[in-house]
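Can you make the complete structure from the sequences, with help from the hints?
Residue numbers for the sequence shown follow UniProt numbering, beginning at 1 and rising by one.
Quick caveat, the hints were computed from the structure, so don't treat them as lab data.
Among the clues, some could well be false.
Distance ranges between label pairs, derived from CB positions [what the hints assert, rightly or not]:
no.: 1; residue 1: Tyr-48; residue 2: His-115; range: 29 to 35 angstroms
no.: 2; residue 1: Ser-26; residue 2: Arg-54; range: 18 to 24 angstroms
no.: 3; residue 1: Tyr-5; residue 2: Val-27; range: 22 to 28 angstroms
no.: 4; residue 1: Gln-22; residue 2: Arg-113; range: 26 to 32 angstroms
no.: 5; residue 1: Gly-86; residue 2: Gly-34; range: 30 to 36 angstroms
The beta carbon of each residue, even a glycine, is placed where N, CA and C say it ideally should be.
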Amino acid sequence: IVFSYPTRKSVKVLNGFQLTIQPGQSVALVGSSGCGKSTMAQLLERFYDSNQGRVLVDGYDIKTLNLSWLRSQIGLVSQEPALVLGLSIGENISYGCLSNTFHQTDIIDVAKRAHCHDFIE
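Right, here's the structure in full:
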(Lines of atoms letter the chains of each structure in order from A and count residues from 1; the text may use other names and numbers.)
(Lines give C-alpha, C1' and ligand atoms only; values in the text may rest on other atoms or scores of the structure.)
Protein backbone atom coordinates (compact mmCIF):
# COMPACT_ATOMS: atom_id res chain seq x y z
CA ILE A 1 0.00 0.00 0.00
CA VAL A 2 1.13 3.53 -0.77
CA PHE A 3 -0.89 6.32 0.78
CA SER A 4 -0.78 10.09 1.18
CA TYR A 5 -3.52 12.17 2.78
CA PRO A 6 -5.39 14.37 0.27
CA THR A 7 -4.26 17.53 2.09
CA ARG A 8 -0.55 16.52 1.96
CA LYS A 9 -0.16 14.61 -1.29
CA SER A 10 3.63 14.97 -1.33
CA VAL A 11 4.06 13.15 2.02
CA LYS A 12 3.83 9.36 1.79
CA VAL A 13 2.38 8.23 5.12
CA LEU A 14 2.55 4.57 4.06
CA ASN A 15 5.06 3.47 1.44
CA GLY A 16 5.09 -0.21 0.56
CA PHE A 17 3.07 -1.37 3.57
CA GLN A 18 2.09 -5.04 3.33
CA LEU A 19 0.15 -7.17 5.81
CA THR A 20 -1.45 -10.59 5.57
CA ILE A 21 -4.01 -11.62 8.18
CA GLN A 22 -5.15 -15.24 8.17
CA PRO A 23 -8.90 -16.07 8.43
CA GLY A 24 -10.05 -16.02 12.05
CA GLN A 25 -6.88 -14.30 13.22
CA SER A 26 -7.03 -11.24 15.50
CA VAL A 27 -4.38 -8.61 14.93
CA ALA A 28 -3.26 -5.55 16.87
CA LEU A 29 -1.45 -2.73 15.11
CA VAL A 30 1.03 -1.37 17.64
CA GLY A 31 3.93 1.01 17.22
CA SER A 32 5.30 4.42 17.99
CA SER A 33 3.32 7.60 17.48
CA GLY A 34 3.09 8.62 13.85
CA CYS A 35 4.10 5.26 12.34
CA GLY A 36 0.79 4.81 10.45
CA LYS A 37 -1.40 2.67 12.74
CA SER A 38 -4.40 5.00 12.59
CA THR A 39 -3.90 5.54 8.87
CA MET A 40 -3.96 1.78 8.25
CA ALA A 41 -7.15 1.47 10.30
CA GLN A 42 -8.73 4.27 8.27
CA LEU A 43 -7.77 2.48 5.05
CA LEU A 44 -9.17 -0.84 6.33
CA GLU A 45 -12.49 0.83 7.12
CA ARG A 46 -12.42 2.81 3.83
CA PHE A 47 -12.43 6.28 5.30
CA TYR A 48 -9.74 6.72 2.64
CA ASP A 49 -8.62 4.69 -0.37
CA SER A 50 -4.96 3.92 -1.06
CA ASN A 51 -3.03 5.79 -3.75
CA GLN A 52 -1.40 2.55 -4.92
CA GLY A 53 -2.08 -1.04 -4.05
CA ARG A 54 -5.18 -2.83 -2.87
CA VAL A 55 -6.68 -3.99 0.38
CA LEU A 56 -8.13 -7.49 -0.04
CA VAL A 57 -10.50 -9.43 2.20
CA ASP A 58 -10.77 -13.10 1.23
CA GLY A 59 -9.36 -12.12 -2.16
CA TYR A 60 -11.94 -9.36 -2.76
CA ASP A 61 -10.88 -5.74 -3.11
CA ILE A 62 -12.56 -3.88 -0.24
CA LYS A 63 -13.66 -1.21 -2.75
CA THR A 64 -16.15 -3.79 -4.10
CA LEU A 65 -17.59 -4.74 -0.68
CA ASN A 66 -20.63 -3.22 0.98
CA LEU A 67 -19.26 -0.46 3.22
CA SER A 68 -21.65 -1.10 6.13
CA TRP A 69 -20.89 -4.82 6.07
CA LEU A 70 -17.14 -4.21 5.87
CA ARG A 71 -17.15 -1.88 8.86
CA SER A 72 -19.32 -4.29 10.86
CA GLN A 73 -16.58 -6.93 10.46
CA ILE A 74 -13.84 -4.78 12.02
CA GLY A 75 -13.36 -4.05 15.70
CA LEU A 76 -11.39 -0.87 16.30
CA VAL A 77 -10.04 0.51 19.56
CA SER A 78 -8.73 4.02 19.04
CA GLN A 79 -5.72 5.60 20.70
CA GLU A 80 -8.02 7.24 23.24
CA PRO A 81 -10.75 4.71 23.95
CA ALA A 82 -13.76 6.09 25.78
CA LEU A 83 -16.41 4.43 27.88
CA VAL A 84 -20.06 4.88 27.00
CA LEU A 85 -21.42 7.02 29.82
CA GLY A 86 -24.22 5.46 31.82
CA LEU A 87 -23.05 1.91 31.15
CA SER A 88 -21.09 -0.27 33.55
CA ILE A 89 -17.58 -1.43 32.69
CA GLY A 90 -19.03 -4.87 31.94
CA GLU A 91 -21.64 -3.34 29.61
CA ASN A 92 -18.89 -1.35 27.87
CA ILE A 93 -16.80 -4.51 27.41
CA SER A 94 -19.76 -6.39 25.91
CA TYR A 95 -21.08 -3.37 23.96
CA GLY A 96 -20.32 -4.73 20.48
CA CYS A 97 -21.40 -8.28 21.24
CA LEU A 98 -24.16 -9.38 18.88
CA SER A 99 -25.19 -12.24 21.16
CA ASN A 100 -27.42 -11.73 24.18
CA THR A 101 -25.55 -14.50 25.99
CA PHE A 102 -22.52 -12.51 27.15
CA HIS A 103 -22.20 -13.56 30.80
CA GLN A 104 -20.18 -12.17 33.71
CA THR A 105 -17.62 -14.97 33.27
CA ASP A 106 -17.15 -13.89 29.63
CA ILE A 107 -16.61 -10.28 30.71
CA ILE A 108 -14.02 -11.32 33.31
CA ASP A 109 -12.25 -13.52 30.74
CA VAL A 110 -12.10 -10.66 28.23
CA ALA A 111 -10.80 -8.27 30.90
CA LYS A 112 -8.09 -10.75 31.88
CA ARG A 113 -7.07 -11.30 28.25
CA ALA A 114 -6.83 -7.51 27.81
CA HIS A 115 -4.68 -7.32 30.97
CA CYS A 116 -7.08 -4.87 32.66
CA HIS A 117 -8.93 -7.16 35.11
CA ASP A 118 -6.72 -6.27 38.09
CA PHE A 119 -7.13 -2.57 37.33
CA ILE A 120 -10.93 -2.89 37.10
CA GLU A 121 -11.15 -4.80 40.38
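Right, here's what the structure says about each hint:
At about 31 angstroms, the beta-carbon gap between Tyr-48 and His-115 stays in the expected band of 29 to 35 angstroms. Evaluation of the 18 to 24 angstroms hint for Ser-26 and Arg-54 yields a pass: the beta carbon distance comes to about 22 angstroms. Between Tyr-5 and Val-27 the beta carbons are some 23 angstroms apart, a value that agrees with the proposed interval 22 to 28 angstroms. For the pair Gln-22 and Arg-113, the beta carbons lie near 19 angstroms from each other, so the given range of 26 to 32 angstroms is not met.
Here the CB-CB span from Gly-86 to Gly-34 is close to 34 angstroms, well matched to the stated 30 to 36 angstroms.
The structure fails hint 4 only (numbered hints given earlier).
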